[in-house]
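**Q** Knowing the structure of chain D, use the given hints to seat chain U on it.
Protein chains: 2
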Amino acid sequence: MLNIILLSGGSGSRLWPLSNDARSKQFLKVLRDEGGEGQSMVQRTFSMLDKIPLEKNIVVATCASQKSSIDIQLTDAEYDVVIEPERRDTAPAIMLAAAYLAWEKHASLDDTVVVMPIDTYASQVYYDNLVNLDKAVQSDVAELILQGAQPTYPSEKFGYIVFDPASEGMVRKVSCFVEKPPEPEAQRLIDEGALWNCGVFAFKLNHLMGILHAYTDLQDFDSLRDAYRQLPKNSFDYEVVEKADSVAAIKYEGEWKDLGTWNTLTEEMCDFSAGKVLCDETCSNTHVINETNLPMVVAGLSDAVVVATPDGILVSDKETSAHIKPLVSKAAESRPMYESRQWGEYKVISKEESEGQAFSLEKILIVKPGKQLSYQKHHSRSEVWTITSGKGEVVLDDQVKPVEYGSVVFIEPGTKHAVRALDDDLHIVEVQLGANLVEEDIERYGFYWND
Amino acid sequence: MLNIILLSGGSGSRLWPLSNDARSKQFLKVLRDEGGEGQSMVQRTFSMLDKIPLEKNIVVATCASQKSSIDIQLTDAEYDVVIEPERRDTAPAIMLAAAYLAWEKHASLDDTVVVMPIDTYASQVYYDNLVNLDKAVQSDVAELILQGAQPTYPSEKFGYIVFDPASEGMVRKVSCFVEKPPEPEAQRLIDEGALWNCGVFAFKLNHLMGILHAYTDLQDFDSLRDAYRQLPKNSFDYEVVEKADSVAAIKYEGEWKDLGTWNTLTEEMCDFSAGKVLCDETCSNTHVINETNLPMVVAGLSDAVVVATPDGILVSDKETSAHIKPLVSKAAESRPMYESRQWGEYKVISKEESEGQAFSLEKILIVKPGKQLSYQKHHSRSEVWTITSGKGEVVLDDQVKPVEYGSVVFIEPGTKHAVRALDDDLHIVEVQLGANLVEEDIERYGFYWND
Chain D
1 MLNIILLSGG
11 SGSRLWPLSN
21 DARSKQFLKV
31 LRDEGGEGQS
41 MVQRTFSMLD
51 KIPLEKNIVV
61 ATCASQKSSI
71 DIQLTDAEYD
81 VVIEPERRDT
91 APAIMLAAAY
101 LAWEKHASLD
111 DTVVVMPIDT
121 YASQVYYDNL
131 VNLDKAVQSD
141 VAELILQGAQ
151 PTYPSEKFGY
161 IVFDPASEGM
171 VRKVSCFVEK
181 PPEPEAQRLI
191 DEGALWNCGV
201 FAFKLNHLMG
211 ILHAYTDLQD
221 FDSLRDAYRQ
231 LPKNSFDYEV
241 VEKADSVAAI
251 KYEGEWKDLG
261 TWNTLTEEMC
271 DFSAGKVLCD
281 ETCSNTHVIN
291 ETNLPMVVAG
301 LSDAVVVATP
311 DGILVSDKET
321 SAHIKPLVSK
331 AAESRPMYES
341 RQWGEYKVIS
351 KEESEGQAFS
361 LEKILIVKPG
371 KQLSYQKHHS
381 RSEVWTITSG
391 KGEVVLDDQV
401 KPVEYGSVVF
411 IEPGTKHAVR
421 ALDDDLHIVE
431 VQLGANLVEE
441 DIERYGFYWN
451 D
Chain U
452 MLNIILLSGG
462 SGSRLWPLSN
472 DARSKQFLKV
482 LRDEGGEGQS
492 MVQRTFSMLD
502 KIPLEKNIVV
512 ATCASQKSSI
522 DIQLTDAEYD
532 VVIEPERRDT
542 APAIMLAAAY
552 LAWEKHASLD
562 DTVVVMPIDT
572 YASQVYYDNL
582 VNLDKAVQSD
592 VAELILQGAQ
602 PTYPSEKFGY
612 IVFDPASEGM
622 VRKVSCFVEK
632 PPEPEAQRLI
642 DEGALWNCGV
652 FAFKLNHLMG
662 ILHAYTDLQD
672 FDSLRDAYRQ
682 LPKNSFDYEV
692 VEKADSVAAI
702 KYEGEWKDLG
712 TWNTLTEEMC
722 DFSAGKVLCD
732 ETCSNTHVIN
742 ETNLPMVVAG
752 LSDAVVVATP
762 DGILVSDKET
772 SAHIKPLVSK
782 AAESRPMYES
792 RQWGEYKVIS
802 KEESEGQAFS
812 LEKILIVKPG
822 KQLSYQKHHS
832 RSEVWTITSG
842 KGEVVLDDQV
852 KPVEYGSVVF
862 IEPGTKHAVR
872 ALDDDLHIVE
882 VQLGANLVEE
892 DIERYGFYWN
902 D
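If you read the protein sequences in the order shown, they are chains D and U.
Oh and the first sequence: position 345 is 345 in the numbering used here, straight run, nothing missing.
To convert a position in the second sequence, counted from 1, into the numbering used here, add 451.
Hints should not be assumed to be uniformly reliable.
[Stated by the list, open to error] Okay, the calculated bits of chain U under chain D, using three or more residues with CB under 8 angstroms as the criterion: (1) 725-738; (2) 756-763; (3) 775-782; (4) 808-822; (5) 830-842; (6) 854-862; (7) 878-886.
Hints in this document: simulated from the structure, not taken from any laboratory.
Ideal Cβ placement from N, Cα and C applies to all residues, glycine included.
If we strip away everything but chain D, and leave its shape as in the complex, we get:
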């Protein structure tokens, strides 16, 4: 059995405004699957892994805010999700996932575990190589076996895996790692056969459990999760890779990309425009995404990217777009303006502010047929719901009443409330009023109706 831990993290501010805290880049459906349908990096990775001829346990290690995006996108896949209770870097997240494999999935301690990013863009060979990583681990070639990519240029942005010159064959001994070297050194390393570090690590489950036991004697998953703060706040590289007695690596030759900037992402996008966009023939190599319902006209641009969403508007030269992070962190809203949820989605359509303080916030909620919002209350805001489409039921402090097109519901602060859609999408215009209009002002009481 091959155990795979997929790391799904990151807020992707370099892909703002398409990504936000609730919608990381790996969930954006900007790629195409074989049938021509929109596909996210997460979906692509699962479809690639699916083709590996091995029995697999797949665990996605992620944070709470991504759980629902993962479940929405992976309806046909088999996998488990392990949620880190708080952000503490990659080492404890991977340890928690490994403990889950050992204690909840009862994986054999001799089985191979492969850790890899969920958002890499690579060819099938990269995934097929997991068979070779497994073989190398099982042959005890080294404590850790890495997959490294053949560099295509002397990048200053990646880490390099440097081989022991004496070692030969498909699985070669690693002598050291060099992080983000200047270009001349990068070129020298490449000339000597060094590879880019892809963040793919294979080892026996036993190895990582041994490291975990140095920090805790706990033997069950729930207790470990509760004691998560006791684990070291450290990266897997420092905590595990650099301390390993022996490391070897396998070379991967093929496409390998971090689609984390508009520049790299648009290269893989099939369409030049998406949404309500009119681009004229004077545009060249320009990608436009419009997720607002404002009509958009783009003319006379070259090598540019234009993206408009409820979170904001970006217009940038592609080259420059790799460096917009500081601007975005200044510009971006402090809250996501769009989110997909298990029950449907919401979009903030307006926010009225006075002296930097919001005094009203308007949303459109779309609840999917049969789905419900959790029973909840807000301490300091009231909400006015106007149903604009569909039929459903609203409960206010245990009083259930039917609602439909045209119904208006007033929810006082402190009133427990929930809503569910019946046979069709239920559209609700929500007006929030109060002094503290944040998602966090919420107390949840599970589901009111049986799910």
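**A** Okay, now just chain U, sitting in the frame of chain D:
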């Protein structure tokens, strides 16, 4: 007494999305007055005319949709507005304004009338020249006296005033007009002393009233307005200028521009950005206007214009922006998404559509202190109002009730309703529901409260 008819027309789709049917380019406050405050072309024209040392009657000839924009922008000026009952080209509009001067303002038939566009961008000399036009008219040099601008390049887009070679002096006899000649011909005309036609025409009131009487015997303004359809649907150039027995022109040397495209308009804009915009230092000669409340980041653009408003988003190379009209007419909403009104303003914040048909539309209305919406009813839509700021009064079928922050008002189709703000701005989130969500579904009953 100098009579001035200012023509205010045009929907300005070349300045979309900043201009729309209710907000033509001449009302956009993109210029600066001497005190550094935002100034529109209309305001600039009035401040220039104000400096002419002559007694003046000013009449603005325009259409109904512009009346309130004019009144909002010209609070300190003295002028009358003559509204064309329907769009019938410039000749009847100018005839109606002339009739207003003669019959309502009792201007002398021997007085000079100057017709000019309201949205020209020119220096003070251009306006001061009206004194010379008046003198030439009163000296009976010709039936019509024009002001022409000294060309600065052989434009193919303008009309040219060609002089009689035998005529000399400040007021020269015109031999013919040439519309939009190809460049070589334009150059030849310029070499021979031709001027650009600025659309400034001076004549005795009597002259135009004579032409009017060829079409109608009516002798009072209201009757003429009611009989507006009887007037020829023709331009002033064809109906009056080309038929004149004698035409002369005065040369104007100085800045003269049609700020009707982004390319020309941005040249006169003082600021490179307005609204919620972060532009980095990699941008050059790029103008950005953001009137939405979406944050905007612009990076690495050169010679571009980026404009986002509730009506839409335009991103264009400046040069190309002069040619976007066909794209805009395809992209633009069929209704204005933002309007200033006498009572305040509204903005459409969302529109939910199904199969191209809107089933709900969300607006934010801001009613200014002491102002009111007219008493009105809608036949096929209902409205839900949530008050998000301020205090006011709402009347529903003659029942008055106070409203404030948090109040919710449900307005059924057919219910007469109005609202007024008390001491502060009254903010209302309006959700419109129904099958026919257009501004035109309205029946008005004047003001409910004394104004």
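**Q** Hint compliance check: list the failing hint numbers for this structure, sorted ascending.
**A** Of the numbered hints given earlier, the structure breaks none, since each of them holds.
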